[in-house]
Amino acid sequence: MSFVSVTNVWQRYGNRSILERVNTTVAEGEFISIVGASGCGKSTFLRMLLAEERPYKGAISIDGGETAVEPNRERGVVFQKYSVFPHLTVRENLIAAESFEKPFGRLRGAARKAAESRADATLERIGLNHVSGQYPASLSGGMQQRLAIGQAMTAKPRILLLDEPFGALDPGTRLQMHDFLLELRDETNMTVFMVTHDLDEAFKLGDRVLVFDKPRWDPDDPGLHGATITYDFDARNKGMPFQDILDQYPSLARD
Amino acid sequence: MSFVSVTNVWQRYGNRSILERVNTTVAEGEFISIVGASGCGKSTFLRMLLAEERPYKGAISIDGGETAVEPNRERGVVFQKYSVFPHLTVRENLIAAESFEKPFGRLRGAARKAAESRADATLERIGLNHVSGQYPASLSGGMQQRLAIGQAMTAKPRILLLDEPFGALDPGTRLQMHDFLLELRDETNMTVFMVTHDLDEAFKLGDRVLVFDKPRWDPDDPGLHGATITYDFDARNKGMPFQDILDQYPSLARD
Amino acid sequence: MRLINHIPARPGAIILAALPFVLIFVAYSVASDFRLTANPQDKLLPAPSTIAETAERLFTTPDKRSKEILLWNDTLASLARLSGGVAISAALSLVLGLAIGLLPYARSLFSGFIAVLSMVPPLALLPILFIVFGLGEVSKVVLIVIGITPFMTRDLAQRVMEIPKEQIVKAQTLGASSWVIAQRVALPQVLPRLISNVRLSLGSAWLFLIAAEAVASDVGLGYRIFLVRRYLAMDVILTYVIWITLLAFVIDWLLKSLSRRAFPWMEAGL
Amino acid sequence: MRLINHIPARPGAIILAALPFVLIFVAYSVASDFRLTANPQDKLLPAPSTIAETAERLFTTPDKRSKEILLWNDTLASLARLSGGVAISAALSLVLGLAIGLLPYARSLFSGFIAVLSMVPPLALLPILFIVFGLGEVSKVVLIVIGITPFMTRDLAQRVMEIPKEQIVKAQTLGASSWVIAQRVALPQVLPRLISNVRLSLGSAWLFLIAAEAVASDVGLGYRIFLVRRYLAMDVILTYVIWITLLAFVIDWLLKSLSRRAFPWMEAGL
Amino acid sequence: AAQEKTEFKLAWSIYVGWMPWGYLEDSGIMDKWAEKYGIDVEIVQFNDYVESINQYTAGAFDGVSATNMDTLSIPSGGGVDTTALIIGDYSNGNDAVIAKGASSLEDLKGKPVNLVELSVSHYLLARGLDTVGLEEADLESVINTSDADMIAAYATDDVQAVVTWNPLVSEILGSNPDAVNLFDSSKIPGEILDLMVVNTETLEANPNFGKAVAGAWYEVMGLMAAGDEAALTAMAEASGTDLAGYKAQMAATEMFFDPADAVAQASSEALPGTMTSVAEFLFDKGILGEGAPSADFVGVAYPDGSISGSEANVKFRFDTTYMQMAADGAL
Ligand SMILES: Nc1ncnc2c1ncn2[C@@H]1O[C@H](COP(=O)(O)OP(=O)(O)OP(=O)(O)O)[C@@H](O)[C@H]1O
Ligand SMILES: Nc1ncnc2c1ncn2[C@@H]1O[C@H](COP(=O)(O)OP(=O)(O)OP(=O)(O)O)[C@@H](O)[C@H]1O
Ligand SMILES: [Mg+2]
Ligand SMILES: [Mg+2]
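Here the protein sequences come in this chain order: A, B, C, D and E. When the letters of the first sequence are read in order and numbered with our numbering, they come out as residues 1 to 255. When the letters of the second sequence are read in order and numbered with our numbering, they come out as residues 1001 to 1255. When the letters of the third sequence are read in order and numbered with our numbering, they come out as residues 2001 to 2270. When the letters of the fourth sequence are read in order and numbered with our numbering, they come out as residues 3001 to 3270. When the letters of the fifth sequence are read in order and numbered with our numbering, they come out as residues 4001 to 4331.
Only true hints are included.
Computed footprint of chain B on chain D; a stretch qualifies when at least three of its residues, placed anywhere within it, have a C-beta under 8 Å from a C-beta of chain B:
1) 3166-3177
2) 3180-3188
3) 3257-3266
Just the calculated beta-carbon pair ranges, DEER-fashion:
4) C:Phe-2034 to E:Glu-4269: 50 to 58 Å
5) E:Asp-4040 to C:Leu-2070: 22 to 30 Å
6) A:Asp-221 to B:Leu-1175: 33 to 41 Å
7) B:Glu-1092 to C:Lys-2165: 28 to 36 Å
8) B:Asp-1232 to D:Glu-3162: 32 to 40 Å
9) D:Phe-3059 to A:Ala-137: 52 to 60 Å
10) C:Lys-2165 to B:Gly-1127: 29 to 37 Å
11) D:Glu-3162 to B:Gln-1134: 21 to 29 Å
12) D:Pro-3264 to C:Lys-2165: 18 to 26 Å
13) D:Glu-3162 to A:Thr-67: 40 to 48 Å
14) E:Leu-4173 to C:Leu-2070: 27 to 35 Å
Simulated from the structure, these hints should not be mistaken for lab results. Note that this is a predicted model, so its numbers are computed, not measured. Just so you know, even glycine gets a beta-carbon here, dropped at the ideal spot from N, CA and C.
Please model the complete structure; the sequences and the hints are all you need to start from.
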């Protein structure tokens, strides 16, 4: 059953090819980790899934729909930074996930009350109820990302996109975030795409790990060919031991 | 043989006690890791070692000298961020370590030439020779910190102070930096104080691990008592397994 | 110890801060005394005591004709014009800044135009302004608006564009329309900047106000200074200058406090 | 699709950018035509063709008496004053800004004073300036300096203080004296900011220049505008206004390019 | 052509001879007269004299207080047909050439002179230099200096001579012992006329406007002639001085309290000659505009129907109708 299908997608900026011939299908509820060398186009791929930009060629469809032209509530997203609104308190950030789709971006009366109590429940769930009145700037990086994920999930998107969500966190907090994310997934059966630079993380969290790389390479003109999915690992039940990837793709090791 | 001696040091800001009765001695060439809960005064302790601020009470002496009143070339430092000069190229950053002590902060003629070739040698050593003409903003976080350490070492300080030097790096880069730092130490036998939040790191790199904590705690007035060194582990030959620390100091686990 | 590490202790710091003011005062007193000794009728640098007397008179004695205290009338009139002009500029620059910062079409349409507009010397256009907007309050307010809006708009548009792309995208994934993004994401984040822009622009606003009042007015701080300038009544002028400085300072301080109060999620800033 | 996601295509964008200018031109032409039909000798809104002729004459025909082209003389005189004033302000604000930003003693001494000084309306103090600096070039330059230095100094001091403490400490651990820190760490990092400050202050500088030239002068762009205002020669005034706008634009652009060229370690900025 | 209307606006600026305009508005005398003729006249004060004339020329006002010279150059030169409704006074010492430590106009040779360029001061200087056979070119330079800052300017060492008008003249002469009055407008009586000029078309279409304004003006003239303290004090204060100061300025002003005197001045045989020399001065300075082919390009009409300058382009008219009505008590 293909829930998300990516069909022959190309992307280019100016006359630099970034991605070419990207094809994949993803079933509902799958967790896809995406890895690849820096600058190879992982975020670009995510931006196209998000409909922040449109493919140069090809189609991306969710549940058989058309290729979207702009981001909408079908697609939730969490970036490495700036994923929450700094001028809203923690609680308001969650309520925003319900109110922003209203004509004036606000809820009033009973609807507001209901949203507030749902927000409080979510805060309890993501362990941020003790800071519900604070502004994001006063939270640690881990708490901010937890809030960002909570906020994205509140909008009940059909797919959730994560671009190096834990890239700025220290190792301890990172481990806690893994647990947090795994728990949330168990509860909701969300379809997730996550870009990461950490292979451990990719294999630990993902059901599949997609590797992006340039299959062709023109030494005279590095911008001529784009990257594509060169490997699609099954990572369930630990899958193929990830050390083998490094042998195949030394470029995935950090500098 | 005590090379650095810290004798009954107290520090307070306004009427908040931060540190109290800190005593320790360190032999030349020792690598001291410092851990402790967030906000307990680790950076404060480092700032006093650096002479960026003076103790409220007590004395800190290097090699039997007086308590210093301001930072000088005896003390090298690397912070988590902003440790290199953004307006100087990589190479100029290294040359600065030699030229800044001159009256006009510049070297001319033969002295300059000599400094340049020394800088190039160091760049080779720290693996940054391929980016010697670039500005720090174009380097990755790991490269910037390598440069910062190289720069600090170029001044040949008697003690080197590191305040969470790898706190902003991702795990892979972090491991590489550990290797880099261990190699450098083997070569120079530098006396090092390093604050970290990562217990792994503390035990892997340090000869000793100092734990800062509040021995006394007034629930009515948390600012009344300061922290001090509550444990001093020997971490050589792996030392005491660090998991035990967490049992004793649950506060060291990250939030 | 290095100079940068020498920190003055509390009483010393206060004395230091007062020093330049004291020096200016002493220099003025000496110069004034010098001139007054040479010519007791000298009007250019009246003695501090004369200024104090004049100030007291200006602040307390009503005008014989109108039975009103002119200084207060002048202040009210000028402040009304100033706040009107600044308020309109702020509103305009906010709307334009948000539009330019968020909407690519508005950006294409306005950004070049406003860049050019901000370079036009508004004082040279005064005659046209007076014809188009008449001589009343409107033209004075309009001069302020024309004088400060382009700068404020450019800066606000810049700030809107500096809002991380991530936030705008995030808002879209939460279903926000362009209008909701403008009003719930961008607006609150540039409001603090609007206040600091107002603070930055107040100096120019005063300048334009005084210039406009000098051309056609019968009340206002700038008008009064202009009127007595012909007689070189420096005691009155200096009183007014000090008064304007004080007003400017208080307004600036109020705006700063407002900004701190109203935007708890911001750092102290500027 | 949301408005914020509509991006004009290339030719459309250019047309959009030109639109406001075209509209202004058309509005002016219509208004001018309307007035000229009523009174063919109307001087307030000369026809665009008249302005073009006047401009051509101003740029090319020498004055009968002096045999020199007045516009170029005016431009040279004004630019000399402007650049003199701005250069002095820049130098002064740099020195003061570095001192205030780095040295706690200088900070105590000056920061309050400069905050107050930046609120004083300089135009009102013109008479005193004249007495102290005479009526010649000096007082015009000084007016510009007094007008823009406090603002620039405050901003630069702020920027110096924003240099991460870590860098200052690091420099000290490398043995740098206060002087070396000022000159090798702080100075190069605030220079780009100095340039953007100059860009921001140029508008005010022009204003003060025009005001000073209006008061006492026999050459200069501001002088000419105020002189010909005597007989409502709007064709001359508009030519001068457009010329000043153009000059301001070019200067701004030059400074921007300079900043980009000279500080490769900075992002594009402002 | 102008329409009949009931609302009129006059502009005036601060000057000894024009202070009654402010008093007219404040005291309600203008309103009283306007009401009598069923119209409404608003009198607006300007601080900037040139701006007030510019505004009138641009059509924002129906009338403005101005000198004969500025009327000729700005509105008339700008194609606005203008009528001198009231001749208020002529400057009789109100404008003066003042120098530091010089004894005669010849001493100005090679010196800079500060004045408001292209103003009556400039004209006065030209007339003065004429009397001693000098020309402007014989001076070092003429430096345009704002009237508002003339006193401060005089106090600087750079300045050696100024040409200006009251109250600045008495201020400078009074507070600078070394200031010498070299030449003043009392030497050229009747050449610098202070007028209330109005748009000719408006006046023709609305004779009531002329009647109301003339009636109100001469009521105040009556008060002034009688030495009415309240009125004079009000005018003094509005001009920023006190009664004594204002009276001193009045002494150098030949006010036409009696409308008959004003009529006589307008009909004076010397007026066409004055206007011609003013026109020549203006043409010489390029003030009549680039379109002006010669000094007599603007025509000036006089009460007796004679015309100086171009007969085809009469844009400035001395009309005694309304002053005469005031003199006859017909208002
Ligand atoms: N809007 C754009 N215009 C032009 N080039 C772009 C744009 N966005 C990205 N690129 C370029 O496309 C390439 C792929 O960028 P992308 O951000 O997708 O890489 P990435 O795989 O996410 O890298 P990283 O691991 O560093 O995040 C890069 O070379 C980048 O410079
Ligand atoms: N200059 C200062 N003035 C007042 N309080 C300060 C100052 N510097 C630090 N503090 C306070 O002193 C305490 C100790 O700060 P310090 O930075 O030393 O903690 P830390 O152990 O390094 O914490 P972290 O792990 O978060 O870096 C904190 O509560 C901090 O708020
Ligand atoms: Mg990326
Ligand atoms: Mg710390």
